[in-house]
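Undergrad: Chains as they are written, first to last, in full-length UniProt numbering: chain A, 1 to 466; chain B, 1 to 466.
These are calculated hints, taken from the structure and not from any lab test. One should not assume that every hint holds.
What the hints assert, rightly or not - Looking from chain A toward chain B, a few residues come up when the C-beta cut is under 8 Å (computed):
id, residue
1, G51
2, L52
3, S79
4, L89
A virtual CB, placed ideally from N, CA and C, is assigned to each residue, including glycine.
2 protein chains.
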Amino acid sequence: MPEDKQILLNAFNMNSVGHINHGLWTHPRDRSHEYKTLSYWTDLARTLERGLFDGIFLADIVGVYDVYAGSVDLTLKESIQLPVNDPTLIVSAMAGVTENLGFGVTVNTSVEHPFTFARRMSTLDHLTGGRIGWNIVTGYLDSAARALGQAGLNDHDDRYDRADDYLELLYKLWEGSWDDHAVVLDRERRIFAEPSRVREIFHDGPYYKAQAYHLAEPSRQRTPVLYQAGSSGRGRTFAGRHAECIFINATDPVSARAVVQALRDEAVAAGRRADEIKIFIGITVVTGRTQAEAEETLSDYLDHASPEAGLAHFSAGTGIDFSRFDLDEEIQYGTGNAIQSVTQLARQKGWSKRQLLKELAIGGRYPLIVGDGGKVAEELIRWVEESGVDGFNLTRTVVPESFETFIDVVVPELQSRGAYRTAYEDGSLRHRLFGQGDRLSDRHFGSQFKFRRSDFAGSADVPTAV
Amino acid sequence: MPEDKQILLNAFNMNSVGHINHGLWTHPRDRSHEYKTLSYWTDLARTLERGLFDGIFLADIVGVYDVYAGSVDLTLKESIQLPVNDPTLIVSAMAGVTENLGFGVTVNTSVEHPFTFARRMSTLDHLTGGRIGWNIVTGYLDSAARALGQAGLNDHDDRYDRADDYLELLYKLWEGSWDDHAVVLDRERRIFAEPSRVREIFHDGPYYKAQAYHLAEPSRQRTPVLYQAGSSGRGRTFAGRHAECIFINATDPVSARAVVQALRDEAVAAGRRADEIKIFIGITVVTGRTQAEAEETLSDYLDHASPEAGLAHFSAGTGIDFSRFDLDEEIQYGTGNAIQSVTQLARQKGWSKRQLLKELAIGGRYPLIVGDGGKVAEELIRWVEESGVDGFNLTRTVVPESFETFIDVVVPELQSRGAYRTAYEDGSLRHRLFGQGDRLSDRHFGSQFKFRRSDFAGSADVPTAV
Numbered sequence: 001m002p003e004d005k006q007i008l009l010n011a012f013n014m015n016s017v018g019h020i021n022h023g024l025w026t027h028p029r030d031r032s033h034e035y036k037t038l039s040y041w042t043d044l045a046r047t048l049e050r051g052l053f054d055g056i057f058l059a060d061i062v063g064v065y066d067v068y069a070g071s072v073d074l075t076l077k078e079s080i081q082l083p084v085n086d087p088t089l090i091v092s093a094m095a096g097v098t099e100n101l102g103f104g105v106t107v108n109t110s111v112e113h114p115f116t117f118a119r120r121m122s123t124l125d126h127l128t129g130g131r132i133g134w135n136i137v138t139g140y141l142d143s144a145a146r147a148l149g150q151a152g153l154n155d156h157d158d159r160y161d162r163a164d165d166y167l168e169l170l171y172k173l174w175e176g177s178w179d180d181h182a183v184v185l186d187r188e189r190r191i192f193a194e195p196s197r198v199r200e201i202f203h204d205g206p207y208y209k210a211q212a213y214h215l216a217e218p219s220r221q222r223t224p225v226l227y228q229a230g231s232s233g234r235g236r237t238f239a240g241r242h243a244e245c246i247f248i249n250a251t252d253p254v255s256a257r258a259v260v261q262a263l264r265d266e267a268v269a270a271g272r273r274a275d276e277i278k279i280f281i282g283i284t285v286v287t288g289r290t291q292a293e294a295e296e297t298l299s300d301y302l303d304h305a306s307p308e309a310g311l312a313h314f315s316a317g318t319g320i321d322f323s324r325f326d327l328d329e330e331i332q333y334g335t336g337n338a339i340q341s342v343t344q345l346a347r348q349k350g351w352s353k354r355q356l357l358k359e360l361a362i363g364g365r366y367p368l369i370v371g372d373g374g375k376v377a378e379e380l381i382r383w384v385e386e387s388g389v390d391g392f393n394l395t396r397t398v399v400p401e402s403f404e405t406f407i408d409v410v411v412p413e414l415q416s417r418g419a420y421r422t423a424y425e426d427g428s429l430r431h432r433l434f435g436q437g438d439r440l441s442d443r444h445f446g447s448q449f450k451f452r453r454s455d456f457a458g459s460a461d462v463p464t465a466v
Numbered sequence: 001m002p003e004d005k006q007i008l009l010n011a012f013n014m015n016s017v018g019h020i021n022h023g024l025w026t027h028p029r030d031r032s033h034e035y036k037t038l039s040y041w042t043d044l045a046r047t048l049e050r051g052l053f054d055g056i057f058l059a060d061i062v063g064v065y066d067v068y069a070g071s072v073d074l075t076l077k078e079s080i081q082l083p084v085n086d087p088t089l090i091v092s093a094m095a096g097v098t099e100n101l102g103f104g105v106t107v108n109t110s111v112e113h114p115f116t117f118a119r120r121m122s123t124l125d126h127l128t129g130g131r132i133g134w135n136i137v138t139g140y141l142d143s144a145a146r147a148l149g150q151a152g153l154n155d156h157d158d159r160y161d162r163a164d165d166y167l168e169l170l171y172k173l174w175e176g177s178w179d180d181h182a183v184v185l186d187r188e189r190r191i192f193a194e195p196s197r198v199r200e201i202f203h204d205g206p207y208y209k210a211q212a213y214h215l216a217e218p219s220r221q222r223t224p225v226l227y228q229a230g231s232s233g234r235g236r237t238f239a240g241r242h243a244e245c246i247f248i249n250a251t252d253p254v255s256a257r258a259v260v261q262a263l264r265d266e267a268v269a270a271g272r273r274a275d276e277i278k279i280f281i282g283i284t285v286v287t288g289r290t291q292a293e294a295e296e297t298l299s300d301y302l303d304h305a306s307p308e309a310g311l312a313h314f315s316a317g318t319g320i321d322f323s324r325f326d327l328d329e330e331i332q333y334g335t336g337n338a339i340q341s342v343t344q345l346a347r348q349k350g351w352s353k354r355q356l357l358k359e360l361a362i363g364g365r366y367p368l369i370v371g372d373g374g375k376v377a378e379e380l381i382r383w384v385e386e387s388g389v390d391g392f393n394l395t396r397t398v399v400p401e402s403f404e405t406f407i408d409v410v411v412p413e414l415q416s417r418g419a420y421r422t423a424y425e426d427g428s429l430r431h432r433l434f435g436q437g438d439r440l441s442d443r444h445f446g447s448q449f450k451f452r453r454s455d456f457a458g459s460a461d462v463p464t465a466v
């Protein structure tokens with residue numbers, strides 16, 4: 001790992017009981033059922049800030065998992081991301097008790113019009129002082145489409161075309177409607193905002209139309225830090241254009257390396273620098289003060305885990321009803337529509353359902369590292385060196401103890417190896433990630449929509465150049 | 001006033017600089033430009049809880065005011081509700097620093113599909129422990145329609161038909177998808193939620209369709225306390241069916257009394273009790289330790305107010321461009337589409353624009369009470385006695401001092417007259433308002449959608465009876 005490169009860390013979480021490592025809500029020390037209370041989130045935010053985490057990354061889903069056995073029965077029994085509350089609404093409480101922690105919230109582009117969504121993100125960027133990120137998802141569940149009164153899911157590539165249009169309108173609102181110096185707060189002259197520095201934007205895209213002033217004044221970052229997790233070909237093109245942080249998953253550093261290279265190539269093809277994207281890999285860690293303690297903890301967690309819930313979750317991601325397979329039958333099926341890594345592995349290795357269940361018990365679709373602080377630190381450093389990723393989305397097991405133990409045991413070992421910060425850098429979330437200021441890089445696609453006074457002759461009603 | 005009747009108080013506010021009493025952002029002590037910071041809101045929430053307020057009522061608008069002089073120039077210069085941030089996102093931070101204060105947030109029904117909106121409100125009800133209310137608005141600005149890519153605004157009555165359909169789907173999600181005892185959290189039997197106590201709801205309305213499990217588990221109130229401010233005939237019918245708290249405005253107790261009676265009649269016509277709606281009237285108070293101090297403060301505030309901004313705001317509400325009138329020309333026009341009281345008054349009295357400007361400087365469209373604590377308390381009590389309203393939406397002037405002074409000076413005088421609580425009652429926002437528990441009254445329209453196990457034979461896939 002290069003001397004000055006430091007590992008980035010997000011806590012991977014969800015406003016729900018079960019997230020990735022299923023069944024652990026049954027562990028006596030697990031607090032995940034408290035997800036609906038404020039103190040659960042403010043306690044966690046303080047813990048993560050103590051651990052100098054870059055951010056908390058909040059997943060979301062707007063449908064239910066009903067592929068496994070064709071029902072939601074197991075989904076409800078094991079609380080497999082159902083119930084699930086809105087992730088955006090817990091941010092301000094967490095921001096109120098922290099100063100540096102970043103917040104990456106997942107919001108599906110099919111939920112609301114970009115005009116009002118733009119304001120939501122600007123509001124959060126204001127309230128957090130520039131610590132907000134948005135994980136762009138386009139949705140993949142038929143149950144979500146039905147819940148939203150749509151006949152069915154749009155075609156996969158069409159969803160990305162639609163998301164491209166959604167983003168373009170967002171950039172116009174975030175970057176192009178208000179000049180940096182629009183708000184002057186001049187009490188003497190009675191000018192809160194200079195009308196000549198605010199303009200209406202126009203958008204007439206294939207999917208979205210708008211004629212609007214952005215409702216929010218400029219926030220620190222304007223465009224939130226953009227996260228994305230596309231792994232398909234079309235998803236990678238989308239990521240190359242838009243994403244600043246990309247969340248991948250892979251089962252080993254070598255296969256991760258290929259994905260990392262392909263994503264950096266996409267960014268370069270889109271006119272950006274290879275280091276203008278930060279790549280995070282999903283990982284599960286079970287640790288303790290000693291190797292034996294870590295292994296005992298894993299054994300204890302496994303006693304409470306629900307491999308079948310992991311499989312049901314996996315069914316929803318792949319669209320394959322794994323309940324139909326016999327335990328020792330080799331799994332054979334076509335390409336699913338998401339989460340390729342374990343699927344591919346299962347096919348390559350000719351796994352049976354029994355083996356898949358074992359694999360999904362703890363760690364799930366993400367690599368699992370079990371060990372004392374030193375071993376985990378070295379494994380994480382090896383992952384970064386061999387794969388070229390920039391950091392990790394650390395899944396939760398038993399909460400909050402899995403994050404607390406990681407911070408107590410692994411973080412000091414990373415620090416002593418020079419691989420992790422010992423204090424927060426100053427600045428917005430984007431500046432801490434990229435060291436280039438608060439705003440989108442000039443090479444980013446969205447920067448062409450930035451407000452430029454030269455675009456118009458001082459009048460507020462000249463449309464955008466684009 | 002009946003012996004046991006106590007005045008209800010909401011602080012009327014908005015996630016913006018200018019709200020009702022325009023121009024006061026220029027006052028040296030005014031902090032309204034800090035609306036984009038968390039501390040502004042958490043400080044205010046603590047202040048209001050010190051004053052035992054029922055709640056903070058947050059207005060919102062998703063368009064801009066561009067009727068006056070056909071532009072947004074004055075809107076920007078005086079910050080007339082532009083910029084305006086999202087009101088829902090500040091709630092969790094305020095809830096984190098308070099225990100009893102209620103939160104009424106305005107959300108327009110045209111912004112998103114009921115399925116995801118239902119989850120937003122359920123999330124807030126969870127996070128606040130049952131302190132959330134929703135002010136239902138259907139929108140009245142053409143600029144909002146254009147911003148959302150719509151050709152223009154829907155017809156007024158059609159907007160209410162659409163909102164009726166919106167509400168019906170919401171009730172099904174909030175009240176009908178999960179049984180009270182669905183979540184059992186049984187670690188031994190590995191049952192987080194009993195599948196037989198959760199059901200998919202079906203809705204095939206004229207405007208909205210859905211086939212969905214509500215994503216959130218039951219919150220304390222389920223349906224948030226429903227606020228509404230409809231004053232038209234169709235608006236009143238809507239209020240009679242749905243609203244639990246109704247926000248009205250009037251210039252004197254006698255005209256208010258007629259509106260109050262009409263609204264209670266609507267509730268009774270919809271099968272409810274007359275006291276199952278609480279009616280709040282908008283009011284502006286300028287107070288001080290003495291009458292002279294109050295009058296000096298008013299004079300100071302008037303020096304910083306912008307009557308023209310008040311008129312521009314009023315233009316947007318009525319759809320009439322008042323910039324076209326000469327200062328001393330009598331104002332003549334047809335019926336506008338909102339905010340009738342001052343409009344009617346102006347017509348009745350044959351006001352000139354000059355007189356309207358004076359009227360709109362402080363107080364605006366709401367009655368203005370100026371006086372020491374005792375005088376204000378007596379005026380408020382008189383309003384309640386003569387009009388039959390239950391309480392007030394107290395506008396802000398210079399913030400936060402106008403709320404602080406009110407609490408220091410008026411609240412003790414109300415208390416000493418037995419007209420205001422001396423401590424918070426226990427319970428959810430709804431229970432504190434109505435004293436009948438956390439849930440919608442059984443006589444409320446929405447209650448027919450409550451989950452009843454007898455509706456189906458223990459199977460999760462039987463559709464709702466309605």
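Undergrad: Next, verify each hint and record whether it holds.
TA: Okay, the hints, checked on the actual structure:
A distance limit of 8 Å between C-beta atoms decides the matter here; for G51 of chain A the minimum to chain B is near 21 Å, and the interface restraint is violated. Hint status for L52 of chain A: violated, given a least beta-carbon distance of 22 Å to chain B, over 8 Å. Taking 8 Å as the C-beta cut-off, the interface hint given for S79 of chain A holds, the closest approach to chain B being about 4 Å. The closest approach between the C-beta of L89 of chain A and any C-beta of chain B is roughly 5 Å, which is under the 8 Å cut-off, so the hint is satisfied.
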